[in-house]
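Peer 1: Position chain B relative to chain A; hints supplied.
Here the protein sequences line up with chains A and B, keeping their order.
When you line the first sequence up against my numbering, it's residues 9 to 326, in that order.
When you line the second sequence up against my numbering, it's residues 1201 to 1552, in that order.
Don't read these hints as lab results, they were simulated from the structure.
In this text the structure is predicted, and so the values were computed from the model without any measurement.
Backbone N, C-alpha and C fix where the C-beta goes; we use that ideal spot for every residue, glycine too.
Wrong hints could be hidden among the right ones.
To be verified - Here are some, though not all, of the chain B residues that point toward chain A, as calculated from beta-carbon distances under 8 Å:
#, residue
1, MET1259
2, SER1291
3, MET1299
4, THR1306
5, LEU1308
Claimed, not checked - Computed list of lysine to aspartate or glutamate pairs in EDC-like fashion (alpha-carbon distance at most 20 Å, straight line):
#, chain 1, residue 1, chain 2, residue 2
6, B, LYS1457, B, GLU1446
7, B, LYS1237, B, ASP1280
8, A, LYS213, B, ASP1303
9, A, LYS27, B, GLU1359
10, A, LYS133, B, GLU1264
11, A, LYS33, A, ASP317
12, A, LYS133, B, GLU1221
13, B, LYS1313, A, GLU216
14, A, LYS213, B, GLU1264
15, B, LYS1457, B, ASP1404
16, B, LYS1313, A, ASP24
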Amino acid sequence: MEQQQEVVKGASLWRDAWKRLLKNKLAVFGLAVMIIMVVAVTVGPAIIRWTTGYTYDFIPPDGDLIKSFPPSLQHPMGTDDSGRDILARVLQGGRISLMVGVISTLVSLVVGVSYGATAGYLGGKIDNFMMRVVDIIYAIPYILLVIVLLSAFGGQNAPGWIQSISGALGSGQGLSQIILLFFALGLVSWLTMARVVRGQILSLKNQEFVMAARATGVSTPAIIFRHLVPNALGPVIVYATLTIPSVMLSEAFLSFLGIGVQAPFASWGSLAADGIKNISVFPWQLIFPGVTMALTLFSLNFLGDGLRDALDPQTRKF
Amino acid sequence: MIETNGHILTVNDLRTYFQTEDGVVKAVDGITFTLAKGETLGIVGESGSGKSVTNLSIMRLIPEPPGKIVSGDIIFDGIDVRKLSIDDVRSIRGKRIAMIFQDPMTSLNPFLKISTQLMEVTELHLGHTKAQAHRHAVKMLETVGIPDAANRVNSYPHEFSGGMRQRVMIAMALSCDPELLIADEPTTALDVTIQAQILELIKDLKARMGTSVILITHDLGVVAGMTDKIIVMYAGKVFEQAPTRELFATPANPYTKGLLKSVPDPAHEEGTELYQIPGLPPDVAHLPPGCPFSPRCERAEDVCHREFPPFVQINENHWSLCHFAKEVYAESVRERAAANLSETQIESHPLA
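Bound conformation, chain A alone:
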């Protein structure tokens, strides 16, 4: 028998981390819930519209009959006090909540990573100055900052470029408020990211491969972004997955207070705010958006913890 020679394939860093992640049951649960959730909010609203004809802002003409209707086959999560299907609204709200989470985190990722990496690599006085700026912004309560940003630039006062984005997407003021929310939340949540990245870069920049790269004539920006940032990616990914739920929570909080997402758009926070008015009579109006949101936040946190265990070499067990 001819034995085929098998080439030993070295396990790459990512495959190794992936294996460890799969061993963590909670993280797998979180990952599964998130995949289902993302699929549901992406295609869910279209399916509901196709099967039952309901959308998040569709108020039936004979609305009086089905206002605040309890869960049934036609309305699995019931209807709200205008007669709108809550399932459709929860899915649509999930779209916005997840988008706020992801886009704001991306904004914080771009700002935080570039800022932290630059400060960490350049070091000395520049680093000192840049990190003191971070400290000062840290000292301002971030929710206050977001509220100020939202009320200063919200509604009619939105900067031109935000209005043009929402105009291009074919919707008016409601959307520009949401886009503003993305940036407002992103711009206050990059601080910790910058600190995390700076710490990583500080410990990496004195390694010999950086000197070797400098000795081959690589420029400073290329060293920072091509050689150093990829090495700091593990903690960055972990921190980013943990930033998503915290940003989503802030969004829910703001929408609950009525300064975030505005009607006719919905997010889980604004749905909960609508539901709480009728909590003693029509509890499903609060329970369904609330439970969906809690499940998502739990899952993201489990996933983030799992990723940290899988990617962080310090806590790695051999």
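Peer 2: Just chain B, lined up with the frame of chain A:
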């Protein structure tokens, strides 16, 4: 353009100081040497003697602050490196002067493929396209003797052994066909058989490409077979400078003699102690007023503790920093003659 007299590198009275809380550390204090095209220079010394700082200064890689090249000229192929802007220096680094580092385990970026790291150099300096750079990377890996280079080029550094990584570093350093190769303790982190292979490889490539080499090491065995001339450094100063053969045969400095005596001899008799130079390398921030080696020197006299020694010329290519350079040299010559005599005696001995 400055007159070079066929020298690829001229370092003249180079001083690199570091400002620390403990005072000014004169890591390199007045180094002068020249390197002819195709020549190999060995720089030997204990840890902290300024070997590496000398070479980082040549490439302008000294971290500033706290470091600073205070004075001196570094003339590389007629270019005054100290006067160049940092962009111009970058265009020399990796292209005309390349460097190999001590620890191959840490000098490759663990996150980037070997191909990415090899291609970066040629894309940067030779303007290669991705495809050209990739071909060149494979060719360079073949040159340094990595089997199955076309496949291995796509590996990550952790899939390579230490010796192979050092080969990759050499491939990277030689990618742009540099005129000067600085090897900073290239074999310290490798075991002895691999060390021999790597040195053989450097020697072979040097002969083929006509590259000038500066080899930094603290292993006298390494420089013996590789170099044309040697500089012995101590406390940031050149203690002795001589052609390799002459330095090993007739050293003219007590420090060099001590180093040579410290090399373990295979014929060493069991029970007798190995020779070592007494004391520790000095703190370069607080040097004694006289000769920096005087506290450890066996033949130090009053004058050594009081006055800084002169740089004595023994013959055309041989210099030594010592008050008693001529005496030490004469002593070495006598010892050599005696040793030669006993060797001939052994050879002619009827029973041998």
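Peer 1: Hint check: LYS213(A) vs GLU1264(B), CA-CA at most 20 Å. Holds or violated?
Peer 2: Holds, at roughly 15 Å.
Peer 1: So if I understand the rule, the pair passes when the alpha-carbon distance is 20 Å or less; does LYS1313(B) with GLU216(A) pass?
Peer 2: holds, 17 Å
Peer 1: Are LYS1313(B) and ASP24(A) close enough, with their CA atoms no more than 20 Å apart?
Peer 2: holds, 17 Å
Peer 1: Hint validation: SER1291(B) versus chain A, beta carbon distance must be below 8 Å. Holds or violated?
Peer 2: holds, 6 Å
Peer 1: Check whether the Cα positions of LYS1237(B) and ASP1280(B) lie no farther apart than 20 Å.
Peer 2: holds, 17 Å
Peer 1: Is it true that the CA of LYS1457(B) sits at most 20 Å from the CA of ASP1404(B)?
Peer 2: Not OK: LYS1457(B) and ASP1404(B) at ~30 Å, beyond 20 Å, violated.
Peer 1: Below or equal to 20 Å on CA atoms is what counts here, so check LYS33(A) against ASP317(A).
Peer 2: With Cα atoms ~12 Å apart, LYS33(A) and ASP317(A) stay inside 20 Å; holds.
Peer 1: Are the Cα positions of LYS213(A) and ASP1303(B) separated by 20 Å at most?
Peer 2: holds, 16 Å
Peer 1: MET1299(B) was flagged as interface toward chain A. Is the shortest Cβ-Cβ separation under 8 Å?
Peer 2: Holds: closest Cβ of chain A sits about 4 Å from MET1299(B), inside 8 Å.
Peer 1: For a C-alpha distance cap of 20 Å, please report whether LYS133(A) and GLU1264(B) respect it.
Peer 2: With a Cα-Cα distance of about 12 Å, the restraint between LYS133(A) and GLU1264(B) holds, given a limit of 20 Å.
Peer 1: For the pair supplied as a hint, LYS133(A) and GLU1221(B), is the alpha-carbon distance within the 20 Å limit?
Peer 2: Given that 20 Å is the threshold and the Cα spacing comes to 17 Å, the pair holds.
Peer 1: Take the shortest C-beta to C-beta distance between MET1259(B) and chain A; is it under 8 Å?
Peer 2: holds, 6 Å
Violated hint: 15 only; the structure is consistent with all others.
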